[in-house]
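Visitor: Let the hints inform the model, and build the full structure from the sequences given.
Read top to bottom, the protein sequences are chains A and B. The working numbering puts the first residue of the first sequence at 1, with every later residue one more than the last. The working numbering puts the first residue of the second sequence at 1, with every later residue one more than the last.
Be aware that a few hints might be false.
DMTMM-like mimics (lysine to aspartate or glutamate), calculated; alpha carbons at most 20 Å apart, straight line [as the list claims (entries may be wrong)]:
(1) A:Lys72 / A:Glu105
(2) B:Lys75 / A:Asp29
(3) A:Lys36 / A:Glu96
(4) B:Lys24 / A:Asp114
(5) B:Lys24 / A:Glu105
(6) A:Lys4 / A:Glu96
(7) A:Lys4 / A:Asp44
(8) B:Lys24 / A:Glu103
(9) B:Lys75 / A:Glu103
(10) A:Lys36 / A:Asp12
(11) A:Lys36 / A:Glu15
(12) A:Lys72 / A:Asp12
(13) A:Lys92 / A:Asp29
(14) A:Lys36 / A:Glu5
(15) A:Lys92 / A:Asp12
Cβ-Cβ distance ranges computed for the label pairs, FRET-style [said to hold, decoys possible]:
(16) B:Met1 / A:Ser8: 54 to 62 Å
(17) A:Asp161 / B:Arg136: 34 to 42 Å
(18) B:Ile2 / A:Val246: 31 to 39 Å
(19) A:Val248 / B:Val118: 23 to 31 Å
(20) B:Glu112 / A:Val160: 33 to 41 Å
(21) B:Ser133 / A:Tyr113: 32 to 40 Å
(22) A:Thr220 / B:Gly105: 35 to 43 Å
(23) B:Val118 / A:Ser8: 39 to 47 Å
(24) A:Tyr89 / B:Arg26: 15 to 23 Å
(25) B:Lys24 / A:Thr220: 27 to 35 Å
Just so you know, these hints were derived from the structure itself, not from any lab. Computed from a predicted model, the values in this text were never measured in an experiment. Every residue, glycine too, gets a C-beta built ideally from N, C-alpha and C.
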Amino acid sequence: MLTKELLSYILDIGEQMLVSGAEVNRVEDSISRICKAYDARRVDVFTITSSIVVSIQLKSGNTLTQTRRILKYSTDFDKLDGLNNLSYYVCKHTPEAEYIRNEIEQIGITRLYDWVVQYLVYGMIAGSFTIFYGGDLNDVAVSAAIGMILKFAITFIQRVDKNVFFVNILCSFVVGILVFLLVRIGIGHSFDKIAIGNIMLLIPGLALTNSIRDIISGDTIAGLLRLSEAILIALSISFGFGLVSVFVGGMVK
Amino acid sequence: MIHTYQIITAFMGSLGFSILFNIKGRKIGYAAFGGMLAWVIYLLGGLWLSGEMMQYFISSIIVTFYSEICARIEKTPATTFLTAAIIPLVPGRALYYTMSYAINGRFGDFAEYGSYTVSIAVAIAAGIMVASSLSRVFFALRSYEFRHHSM
Numbered sequence: 001m002l003t004k005e006l007l008s009y010i011l012d013i014g015e016q017m018l019v020s021g022a023e024v025n026r027v028e029d030s031i032s033r034i035c036k037a038y039d040a041r042r043v044d045v046f047t048i049t050s051s052i053v054v055s056i057q058l059k060s061g062n063t064l065t066q067t068r069r070i071l072k073y074s075t076d077f078d079k080l081d082g083l084n085n086l087s088y089y090v091c092k093h094t095p096e097a098e099y100i101r102n103e104i105e106q107i108g109i110t111r112l113y114d115w116v117v118q119y120l121v122y123g124m125i126a127g128s129f130t131i132f133y134g135g136d137l138n139d140v141a142v143s144a145a146i147g148m149i150l151k152f153a154i155t156f157i158q159r160v161d162k163n164v165f166f167v168n169i170l171c172s173f174v175v176g177i178l179v180f181l182l183v184r185i186g187i188g189h190s191f192d193k194i195a196i197g198n199i200m201l202l203i204p205g206l207a208l209t210n211s212i213r214d215i216i217s218g219d220t221i222a223g224l225l226r227l228s229e230a231i232l233i234a235l236s237i238s239f240g241f242g243l244v245s246v247f248v249g250g251m252v253k
Numbered sequence: 001m002i003h004t005y006q007i008i009t010a011f012m013g014s015l016g017f018s019i020l021f022n023i024k025g026r027k028i029g030y031a032a033f034g035g036m037l038a039w040v041i042y043l044l045g046g047l048w049l050s051g052e053m054m055q056y057f058i059s060s061i062i063v064t065f066y067s068e069i070c071a072r073i074e075k076t077p078a079t080t081f082l083t084a085a086i087i088p089l090v091p092g093r094a095l096y097y098t099m100s101y102a103i104n105g106r107f108g109d110f111a112e113y114g115s116y117t118v119s120i121a122v123a124i125a126a127g128i129m130v131a132s133s134l135s136r137v138f139f140a141l142r143s144y145e146f147r148h149h150s151m
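Guide: In structure tokens, the structure reads:
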């Protein structure tokens, strides 16, 4: 039997899925399937990147509507996998509301990788892409070091302000200044290759991929919203680098 | 020689991103291998395809198919693999040069590189679109139960 409480948990599943990186189509599909499994007569779900609206008509004739506003995204495919399995299970077995709540809590205990691993990975990615685009050994060392500093910068700046554009502008500014200094001192050799290695860390790959997948599956509004977000992030990265040239006067060597 | 380095670093780059996206267990291997595959196909494409955009297009088609298949094997959303595997194709260098030309006021180069960057992005997007639509049809034909679980 669908109650207000149960619907709220179902929305939690949808919300968490969207936040951890699912396409809009998957979220809408999961929510409406779960509601149908609980004997709703009619389910209307509308999801865009920043909000979910669900309105269901019960067999008794009553209508329930609930909304969620989504403010913050954090990609976590492990969580998405867990939620996907949960929604599949719920559709099949229609458990009590209490069970769903416990499961969501269980999944919500994020098992992120250790912070040491995360710092090393930032270094590894930046270093890898510096080699990928033709940097030499000095460049790789500098790039990896800056990658780790970038991780620190992201963590620090996010504590001040969570706005994506603000974070990206400041981070690429930090990267630009550091690369400029290290190349000027003579440790790094080519400004562009080190900078590109670090830009790969900031580039909105997920937003781009998901926006395309949204557009194909017919959610044009959500897809376009994500696409424009990706473009704005790319722009804010270049604003950050542009800011560097204000300080140092010209950036390409 | 540079190609060998590129293939190895494409693997490492995708591996890194799969850790950042918190992919766990065996799936990391699939995702990182996908990144390597993307670049290998891109390089192989250079042997017989004319034009860089076609290379990006074909490569992203194959990677999308690869991720859809992995998604079915692992019973998890295809985005998981696709996002990490598409990373080596993302036009980071072109984007960088575009903006550096804009900042230095070299507008001829800026326009040229800008349209180059946009066309790479469009080629990748088109590849993903084609492959996703085809695999939707393919898997929908196969079975309804499968389709519900992972699309």
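Visitor: Any of the earlier hints contradicted here, and which numbers?
Guide: none
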